[in-house]
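Participant: Residue strings, one per chain:
Protein chains: 2
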Amino acid sequence: MSDLNVPLTPLRFLGRAAEVHPGKRAVIDGDRTWTYAQFADHTQQMARALRASGVRAGDAVAFLGANSAELLTAHYAVPLLGAALVAVNSRLSPEEVSYICKHSSAVLVLGDGHLLEQLSGTDLAGVRERIEIPAQDGSSRQAGGTVPFTDFLARAAGDDTQYQWEVDDEDRVIAINYTSGTTGRPKGVMYSHRGAYLNALGEVYHQGFAADSRYLWTLPMFHCNGWCTTWAVTAASALHVCLRAVRGETMWKILDEEEITHMCGAPTVLTTLASAPQAHRLEHPLTIVTAGAPPTPTVISRIRELGAHLLHVYGLTETYGPYAVCEPQPSWATDLDSEQQASLLARQGVGMLTSERLRVVRGEPSPDGTLIDVSPNGSEMGELVMRGNSVMKGYLGDPDGTADAFRGGWFHSGDLGVMHPDGYVQILDRAKDVIISGGENISTIEVEQALASHPAVFGVAVVGTPDPKWGERPMAFIVTDGTEISEAELLAHVRSKIASYKVPDRIEFRTQLPTTSTGKIRKSVLRDNAGDRVGP
Amino acid sequence: MSDLNVPLTPLRFLGRAAEVHPGKRAVIDGDRTWTYAQFADHTQQMARALRASGVRAGDAVAFLGANSAELLTAHYAVPLLGAALVAVNSRLSPEEVSYICKHSSAVLVLGDGHLLEQLSGTDLAGVRERIEIPAQDGSSRQAGGTVPFTDFLARAAGDDTQYQWEVDDEDRVIAINYTSGTTGRPKGVMYSHRGAYLNALGEVYHQGFAADSRYLWTLPMFHCNGWCTTWAVTAASALHVCLRAVRGETMWKILDEEEITHMCGAPTVLTTLASAPQAHRLEHPLTIVTAGAPPTPTVISRIRELGAHLLHVYGLTETYGPYAVCEPQPSWATDLDSEQQASLLARQGVGMLTSERLRVVRGEPSPDGTLIDVSPNGSEMGELVMRGNSVMKGYLGDPDGTADAFRGGWFHSGDLGVMHPDGYVQILDRAKDVIISGGENISTIEVEQALASHPAVFGVAVVGTPDPKWGERPMAFIVTDGTEISEAELLAHVRSKIASYKVPDRIEFRTQLPTTSTGKIRKSVLRDNAGDRVGP
Chain A
1 MSDLNVPLTP LRFLGRAAEV HPGKRAVIDG DRTWTYAQFA DHTQQMARAL RASGVRAGDA
61 VAFLGANSAE LLTAHYAVPL LGAALVAVNS RLSPEEVSYI CKHSSAVLVL GDGHLLEQLS
121 GTDLAGVRER IEIPAQDGSS RQAGGTVPFT DFLARAAGDD TQYQWEVDDE DRVIAINYTS
181 GTTGRPKGVM YSHRGAYLNA LGEVYHQGFA ADSRYLWTLP MFHCNGWCTT WAVTAASALH
241 VCLRAVRGET MWKILDEEEI THMCGAPTVL TTLASAPQAH RLEHPLTIVT AGAPPTPTVI
301 SRIRELGAHL LHVYGLTETY GPYAVCEPQP SWATDLDSEQ QASLLARQGV GMLTSERLRV
361 VRGEPSPDGT LIDVSPNGSE MGELVMRGNS VMKGYLGDPD GTADAFRGGW FHSGDLGVMH
421 PDGYVQILDR AKDVIISGGE NISTIEVEQA LASHPAVFGV AVVGTPDPKW GERPMAFIVT
481 DGTEISEAEL LAHVRSKIAS YKVPDRIEFR TQLPTTSTGK IRKSVLRDNA GDRVGP
Chain B
1 MSDLNVPLTP LRFLGRAAEV HPGKRAVIDG DRTWTYAQFA DHTQQMARAL RASGVRAGDA
61 VAFLGANSAE LLTAHYAVPL LGAALVAVNS RLSPEEVSYI CKHSSAVLVL GDGHLLEQLS
121 GTDLAGVRER IEIPAQDGSS RQAGGTVPFT DFLARAAGDD TQYQWEVDDE DRVIAINYTS
181 GTTGRPKGVM YSHRGAYLNA LGEVYHQGFA ADSRYLWTLP MFHCNGWCTT WAVTAASALH
241 VCLRAVRGET MWKILDEEEI THMCGAPTVL TTLASAPQAH RLEHPLTIVT AGAPPTPTVI
301 SRIRELGAHL LHVYGLTETY GPYAVCEPQP SWATDLDSEQ QASLLARQGV GMLTSERLRV
361 VRGEPSPDGT LIDVSPNGSE MGELVMRGNS VMKGYLGDPD GTADAFRGGW FHSGDLGVMH
421 PDGYVQILDR AKDVIISGGE NISTIEVEQA LASHPAVFGV AVVGTPDPKW GERPMAFIVT
481 DGTEISEAEL LAHVRSKIAS YKVPDRIEFR TQLPTTSTGK IRKSVLRDNA GDRVGP
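Protein chains in written order, with the UniProt record's numbering: chain A, 1 to 536; chain B, 1 to 536.
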């Protein structure tokens with residue numbers, strides 16, 4: 001790097017926002033509202049307190065909590081010291097939190113009182129202290145052994161250090177995010193300042209953030225640092241509105257009162273939004289960005305009925321959240337009916353502006369190890385691979401796992417899909433979810449979309465169940481929108497859409513589907529349920 | 001840089017646009033319209049022809065011409081080979097072009113026929129060939145010794161190389177742009193792929209480019225690579241509309257027919273636009289970005305009357321064009337009258353999102369060489385300094401000049417100004433233009449703005465003239481909007497605005513002011529004129 005370059009870091013975004021828009025609203029969390037000058041001050045104050053608590057460059061600091069002004073602040077205060085933030089999923093068990101603290105060598109844990117309380121008997125290895133941030137109503141649990149936030153801040157009393165909004169090396173780790181680890185132990189995904197900066201700019205562009213944007217935090221900040229929007233919203237000097245729990249009533253109240261312009265979430269969040277009793281047509285523009293699963297035609301039409309604009313993005317923890325976007329083509333809105341549009345919107349799309357290409361490659365590379373793209377024919381299945389500044393530095397403490405994930409020079413997602421002739425990628429399945437029935441691959445997502453194209457279907461999941469004859473057979477779990485519909489009717493609908501060998505053997509109706517804390521459907525649970533009942 | 005990073009380059013923008021929006025209109029130049037697939041194809045074809053003509057990584061390729069599809073293509077084709085583009089100001093004399101070709105070690109010159117013709121007797125040193133691009137009507141002059149563009153392209157016949165939209169090193173030089181050199185020889189300012197990429201993203205953000213933007217090329221592409229919008233418009237997969245000459249009639253025809261959403265230019269371009277007989281209120285949104293001189297209240301109000309949105313940016317050749325932006329504050333539109341707004345809009349503002357801070361520093365650094373900021377009081381004058389990814393790699397072949405420009409670690413602009421309490425910078429003068437009268441500094445810009453606040457004043461320039469008693473005294477050159485006004489009336493108006501010692505001794509009325517090819521007023525010419533007439 002040339003001597004004259006300045007290392008890329010999202011810290012610059014907060015520094016700039018505080019300089020250019022000091023009096024503008026930056027953060028709302030319950031009754032508290034901070035301007036950008038105050039947000040920057042709180043960040044400097046937290047950085048000084050972290051420093052006074054012994055945090056040094058290269059350390060890891062864990063944060064266990066719901067979305068809050070403090071968690072947002074930690075996204076800047078921790079990196080300001082050259083340390084790495086470990087934003088931990090607040091739904092994990094004490095054992096899982098313990099594993100993450102140990103693995104990341106966290107020296108402190110900050111977090112919500114009720115969550116820290118659960119850790120009281122847990123071995124947190126090198127964690128020297130548990131620091132309790134106030135609840136949204138300002139109250140504190142003062143659970144045994146935790147340090148109240150005010151005491152923590154008081155450690156830096158008299159210190160007037162102003163840290164520069166800079167980093168010494170743009171490849172320094174800014175955050176470590178743990179994979180959900182549906183198989184095996186969670187992995188520590190390392191993000192760099194450079195990657196966070198570029199991904200945040202990509203979010204600014206694709207989501208269309210500007211100084212008058214108002215962002216509602218329906219997405220957990222602990223999920224890939226809120227897809228880098230913890231930094232992107234600040235880049236635009238826009239407003240962060242914290243939301244601690246995704247409830248329809250609260251969302252609608254804030255959407256209306258603050259005239260929210262942007263929010264993100266898994267399809268389940270959109271379902272909560274659309275099915276709340278308070279749901280109504282919006283009187284201001286709202287962009288909703290979704291990921292985690294392709295939005296179903298029903299969800300798409302419900303979101304449209306609200307008057308919101310829906311954007312579908314795709315990525316993984318390893319790609320800072322979104323890497324790809326289903327970028328709308330001007331012709332879609334003019335030339336296609338809503339069913340055709342919905343089927344295009346369900347694709348994962350193309351690499352974002354700040355990403356590289358999204359490729360789909362064959363299982364077998366060429367003899368020299370070069371990855372070979374599948375034919376862009378919409379039918380040859382391969383694995384989605386990604387690379388570049390939008391992809392992690394690697395797995396912490398796992399060079400072998402990192403090397404394996406990057407074989408051929410590209411990160412292997414474990415997602416299987418096709419490349420359409422227009423260059424848009426569509427996922428057909430997670431490698432681990434694909435059903436092999438009589439030697440044929442069945443894409444659970446294809447079957448799900450066939451089911452979801454029926455208007456009565458609101459939520460859907462298809463899994464493979466053991467079958468003595470075929471090896472595996474598809475089984476579907478359905479949540480309806482309240483309409484009465486029989487298994488036979490639905491199966492007839494599906495038969496008209498896909499090949500008969502892909503049609504599920506059985507459909508089970510549910511009132512809800514099990515999801516992860518980030519809104520993804522837990523197919524492993526459904527597989528277990530199904531296995532319990534049909535057993536080989 | 002980590003092994004997993006991909007070098008930043010604006011080449012990715014064209015690669016992505018061609019992948020994601022192959023059928024979308026990319027370039028219009030006269031009767032020709034290219035889609036993004038065609039734009040990418042033309043670029044690959046030009047790159048192959050350059051390669052067949054002996055261009056190698058590290059070479060410089062000069063281009064001498066007005067805005068055209070070919071000049072735009074060269075912004076991608078030349079860097080695709082790892083070579084550097086030298087886009088030469090088309091108004092320079094053959095001797096100046098010769099100097100630039102020699103200094104940059106250009107191996108080829110591409111350009112417009114009539115411009116290459118003027119070079120026929122000129123020593124171009126290492127330039128092996130002059131390649132003539134077709135005129136907008138497709139015609140060719142075939143001037144002696146030039147190679148027709150079709151012959152040039154034919155050299156790569158049968159070659160089907162597809163260059164990757166990548167660069168090996170993000171610090172590689174992508175372009176060399178020569179300063180206008182009002183004093184001494186022009187300097188060769190080196191831009192890197194990294195800087196061009198980041199500055200282009202900054203333009204995308206601040207100008208608000210999106211896929212449905214339509215950009216009119218009123219700004220010369222040879223001016224700081226069109227402020228990096230040669231790359232930024234492509235980043236958004238938006239439409240480039242080439243304009244070879246800035247004429248009111250043509251501009252208005254294209255503005256209306258193509259529903260242009262964005263254009264850039266010096267205030268003189270805005271004046272041409274606003275004073276054309278075809279001028280009328282726009283029926284679609286248009287953002288006009290101006291730089292080179294602060295827009296006067298008259299220009300601001302005329303642009304507003306057209307229904308366009310005006311944005312003022314600031315930078316130099318050394319900063320890839322714009323480094324700073326007068327970012328509008330929400331309160332300006334609601335709390336201030338139009339005169340107050342105009343005075344704020346005339347400021348140079350704050351560093352862009354992808355830039356660092358814009359600082360104003362004292363002439364004397366601290367003993368250890370650290371630069372000291374002036375007080376943010378709106379009155380202490382200092383020099384504007386900049387640094388980071390938005391500032392050049394250095395002057396080609398001039399390490400001493402580069403070191404001097406970067407003393408204290410920041411690039412010294414030569415512009416003098418103040419820092420206002422709100423953090424916005426305002427230029428008061430070029431260091432070389434400031435008038436020293438009786439030991440007092442007089443800012444020519446301050447005097448100009450006092451004159452420009454009179455509604456009859458359309459164009460204005462103030463220069464220092466030698467004075468036996470005071471050393472120098474200000475003199476004004478005025479272009480009116482057609483209203484009859486006397487020197488005495490105007491002087492009375494100015495006296496009500498600024499201190500009496502700053503009031504010009506004389507006003508000369510002109511029908512136009514001498515400008516550079518980039519629309520800046522040539523004060524040196526006015527000083528010479530004034531000197532001729534008042535002589536000491």
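Because the hints were derived from the structure by calculation, they are not lab data.
Heads up, some of the hints might be wrong.
It does not matter which identical chain is meant; a pair holds if it fits inside one copy or across any two.
Unchecked claim - Taking lysine to aspartate or glutamate pairs in the EDC-like style, the calculated list, with each CA pair at most 16 angstroms apart, reads:
(1) Lys520 / Asp368
(2) Lys102 / Asp256
(3) Lys253 / Glu283
(4) Lys24 / Asp422
(5) Lys469 / Asp400
(6) Lys24 / Asp335
(7) Lys24 / Glu327
(8) Lys497 / Glu446
(9) Lys102 / Asp212
(10) Lys102 / Asp467
(11) Lys24 / Glu166
(12) Lys432 / Glu257
(13) Lys497 / Asp481
(14) Lys469 / Glu305
(15) Lys520 / Glu440
(16) Lys24 / Glu95
Participant: Hints first: check each against the structure and report whether it holds.
Facilitator: Against the structure, the hints come out as follows:
1. Lys520 / Asp368: neither (37 angstroms within a copy, 57 angstroms between copies)
2. Lys102 / Asp256: neither (43 angstroms within a copy, 64 angstroms between copies)
3. Lys253 / Glu283: Only inside one copy: Lys253 and Glu283 sit 13 angstroms apart there, 37 angstroms across copies, limit 16 angstroms.
4. Lys24 / Asp422: between (43 angstroms within a copy, 13 angstroms between copies)
5. Lys469 / Asp400: neither (38 angstroms within a copy, 81 angstroms between copies)
6. Lys24 / Asp335: Classified as between; 15 angstroms across copies, 42 angstroms inside a copy.
7. Lys24 / Glu327: Classified as between: cross-chain Cα gap 13 angstroms, same-chain 31 angstroms, threshold 16 angstroms.
8. Lys497 / Glu446: Only inside one copy: Lys497 and Glu446 sit 10 angstroms apart there, 73 angstroms across copies, limit 16 angstroms.
9. Lys102 / Asp212: neither (41 angstroms within a copy, 50 angstroms between copies)
10. Lys102 / Asp467: neither (41 angstroms within a copy, 78 angstroms between copies)
11. Lys24 / Glu166: This pair counts as neither: shortest intra-copy Cα distance 22 angstroms, inter-copy 40 angstroms.
12. Lys432 / Glu257: Neither way: Lys432 and Glu257 sit 43 angstroms apart in one copy and 54 angstroms across, limit 16 angstroms.
13. Lys497 / Asp481: neither (21 angstroms within a copy, 70 angstroms between copies)
14. Lys469 / Glu305: neither (45 angstroms within a copy, 77 angstroms between copies)
15. Lys520 / Glu440: neither (26 angstroms within a copy, 70 angstroms between copies)
16. Lys24 / Glu95: The answer is neither: 42 angstroms in one copy and 53 angstroms across copies each exceed 16 angstroms.
The structure is inconsistent with the numbered hints 1, 2, 5, 9, 10, 11, 12, 13, 14, 15, 16, although it conforms to all the rest.
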